[in-house]
Structures are given as structure tokens and as C-alpha cells.
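J.: Listed below are the residues making up each chain.
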Amino acid sequence: MDVNEAFTTYVAQRRLQLFRTACLLCGDPHQAEDIVQDALARLYAAWPRASRADNIDGYARRVIVNSHLNQVRRPWRRERVAATVGESPAAVHLLTEDLQVMWAAIRSLPLGQRKVVVLRHYLGLSVEETAADLGISVGTVKSQTSDALASLRRVLAAELGTPVREGENK
Amino acid sequence: MSMHDSDLIERLHAVAEGFEMPPTPPADDAWRGRRRVRRNRGLVAAAAAASVVVAIGVTAAVTGQDRGGFDGPTAAERTEEEPSFTKEELREVGGEQLGLSSDGTKLLVRRSVKLERPCSLLDGCEMFVVNADGSEHQVAEGDGLFDGTLAPDGSAVAIGGYYGFRDGGLYIVDADGGSPQLLRPPAVDAIEDPAFSPDGTQIAYFDGRGDSSHSLRIINADGTGLRIIPTSAGLMSGHIRGLAWSPDGQQLIFETDVSPDGEVLQHGTGIWIVGVDGSDLTRCQESDPCFRWLGAQ
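Protein chains in written order, with our numbering: chain A, 1 to 170; chain B, 1001 to 1297.
Keep in mind the hints are simulated off the structure, nothing from the lab.
Quick reminder that beta carbons are idealized off the backbone N, C-alpha and C, glycines included.
Any given hint might turn out to be false.
What the hints assert, rightly or not - Just some of the chain A residues that point at chain B, by a computed CB distance under 7 Å:
id, residue
1, 8
2, 12
3, 24
4, 29
5, 40
6, 44
7, 103
8, 122
9, 124
10, 126
Could you put the whole structure together from the sequences, leaning on the hints where they help?
T.: Structural data, given as C-alpha cells:
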């Protein structure tokens, strides 16, 4: 399988998840598309090395996170008004009020907490894998996860009037 | 009833699954990747060339030699140089191509939100600035997205809109994206055929009803200094098919489907040229240099 074929096969399988990850990270579907395009161009350029690595998904994930950081750090990049539900064609499926509240709560998280929550709880990485991906300590991952979940609980409880408790649903 | 963290995580997944990705063929990502590889190779080559230039400069300084006469780009200029589109690459870019920056590194395109059909005026359209390195930025989206023009230096896009693209009007937006800013609301219904002047300081455009009641206007790119250019009421009573500047920025050329007395032309269209002050309105013949200006822009 040549580089183009291997790359396009991988992209066909993973692009949607990468796009959704970028949406959760940046809070804006349009910017997310920019991030994914940029990340996949980088991934293509590094494909010979990435495809030899044990974990292409991990490589792609790190490129997405780094591409997002690159965009955030660009001083000339104008801040977009974050898409509101119903305004963006990418968000038309958030039909219920509680999902809209959840989306707003995710976007209100500080960037560090948002990254940790997305990697831990959307992508399902372990604490150690998240720490390695983000280049932070295991302790920081734990504390940021705890703070992020507490913040989400507070927002949802306030907006929906439903208390949210730590732990599993029984 | 209360929720638990596991409910939160379920909702996180539900939110993520609400995002539907714009349809993008994987081949497009591979194409952008190839552009990235080519650009990286260019940068490496430029860095190597810069090293040689620095080495020669240091050697000359040490040996006291004067290398006067070298007037090429500096090392910094070389490393910052962006790749430009080749003809083959331009053919590969999907969508309707509306303009290319003067250095050939940025291209303005319009596409339908629903990729299976062409962009129509009253249906969802998007405009993108595509960079020669393969990256691209959406600069506008909506219905009634009539026309766009890219500044010669590739820094900004002017957009002419009809109701549906906000309330219509002439807008300007950074080529890297952002929120389009209203430069001028429509005097009648719609803004058509905006065109940046060759120096990028002014925008010419038509204001009208789409098929009638047009007026030719020029406005500064910062939204000041609006001027209505006197032409011919008859020529303004039909469809406008295009607008461009002369290379020296002193004349405008436009194409209509009516005669000066307002009669619809039975065969083809008429191409007219007028000074930016409204002087010397004349028909441009196929053998005249002005005939090529519309196509050039």
C-alpha cells in the first residue's frame, strides 16, 4: 500500500472522530475544520515516521492538540464568535436542551481542563496516556479532571435544576 | 432524580456525536499533505541556500572582499517566501475560482455547501481562501452569496451579497477568516461583481436589482469615499456579467446583456469601458487590449 492509499484509508476511518475531538477542544466547528485540515496535512508530511510508530492514533491525536494550540497562539487569528446551537450546520443535532447546556458548559471550561476532559472522557485515554499526550504530570491531569467535572456538575445543576453526583450511575 | 458523572460523560459523547463533519474527500487531505511536503522541502532548500549566503558573507567579511552587485532576495526573504499555485494545482482546486492574489499564493473560491450540486444564489454557498500550501480558510457562508474579490496582496476578501447573506451589502473580511464587516448596505437590493483596484485601496461594484436598476460605484477599501460613476441608464437596465479594472487603475470594464438604449441583445453581450470618473464610455472591441481585462481578473 503506497503512502497516499494508506493515508486516505486512515483518514476515511478517523476523520470524523478527529473532527469531533477538535470541535470539543476549540468550541467552534468552523475552526475545528481548519484544525483538522492543518493537522492532517502535518500528519501526511510525517506519515512515513508516524506509520512506523506503534500508535498512529496517538500521533494523530497529538497533532490535533498541537494544531489547536498553534491556532490559539496565532496573535493575528481573530476570535470568532463561538457557534451557537442552531446557528451552525455542524451543531444541528444538539436538539435537546440538556445537550445544549452541556455544550455550553464544555465551552466554558478553561482550555487546560477542556483538553483533559476531552482526552480522558471522550477519547477514553488513561491518566498516564493523557499526561504523556499533553506533556503534563499525572497529578495535573487528575486535578484538572476533578476541577473540570466539578465545574460541569455545577453548571448542569444550575441550568437544569438537577443535582449531579460524583461516581457511576446506579 | 439526580445525575452522576457517568451521565456527564454520556452527554459529552452525545454532544460530540451531534457534530456532523462537512463532506471532505480524503483525497483532498492527501492533496493538502502533498502541498505541505513540497513547502517543507522548499523551506529546507531555502534554509540551505541561506546558510550558503551567510557563509559566503562571513568569508567575505573575514577576507575583506566586497560582494557588491548581489541584489537577490535576502536570506530572511527567501525563508519567508510562500509557494505559489501551479497551473496543474489550480485545476485540482474544487469550486468556482473567483480570484488569485497577485503573487499567486492565495485563491478565492466559492463552493456549494451541498457539494453534489453547483453553488446557486439562493442556496447555501461558502467562500474559501485556499493557500498554495494546501491550507484553506472559510471567509463567508450563507444564502445570497453573490460574488467575491480577493485583494491583490491576498490580505482581504470583499463580498457582494443579497438578502440571505445577512441583509445583503458589500462586506470585507480578513483572508484568514473572521466575521465579515459591512462596508456598505445595498442601495437597491444586491451588490454584484465587487472588484479590488490593482493597488488594493478601492473596490468597484454594482448596486442593483440583479436584472435591472444598476449603478456602478467605487468605494475605498475602508468603507469611506463612496462615488457613483455615471454611465448609461440603458446599459444599467439589464444583467451585469462582470466588472474589472484596467491594469493602471484608471478605467473600469464591464459586461452587460443590453444595449445603451436598454434593448436586450439578441446575440452575446456588450463589453464597455469607462474612466473611473465616468468619462469616455465606449464599447470595447474584441481586438482592443481592454477585451482581455475581464478574463485576466
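J.: Look at each hint and say if it fits the structure.
T.: Here is what the structure says about each hint:
1. 8: 4 Å, holds
2. 12: 5 Å, holds
3. 24: Interface hint status for residue 24(A): holds (6 Å vs cutoff 7 Å).
4. 29: 6 Å, holds
5. 40: 4 Å, holds
6. 44: 2 Å, holds
7. 103: 5 Å, holds
8. 122: 6 Å, holds
9. 124: 9 Å, violated
10. 126: This interface hint is violated because 15 Å lies over the 7 Å limit.
Checked against the numbered hints listed earlier, the structure breaks hints 9, 10; every other hint is satisfied.
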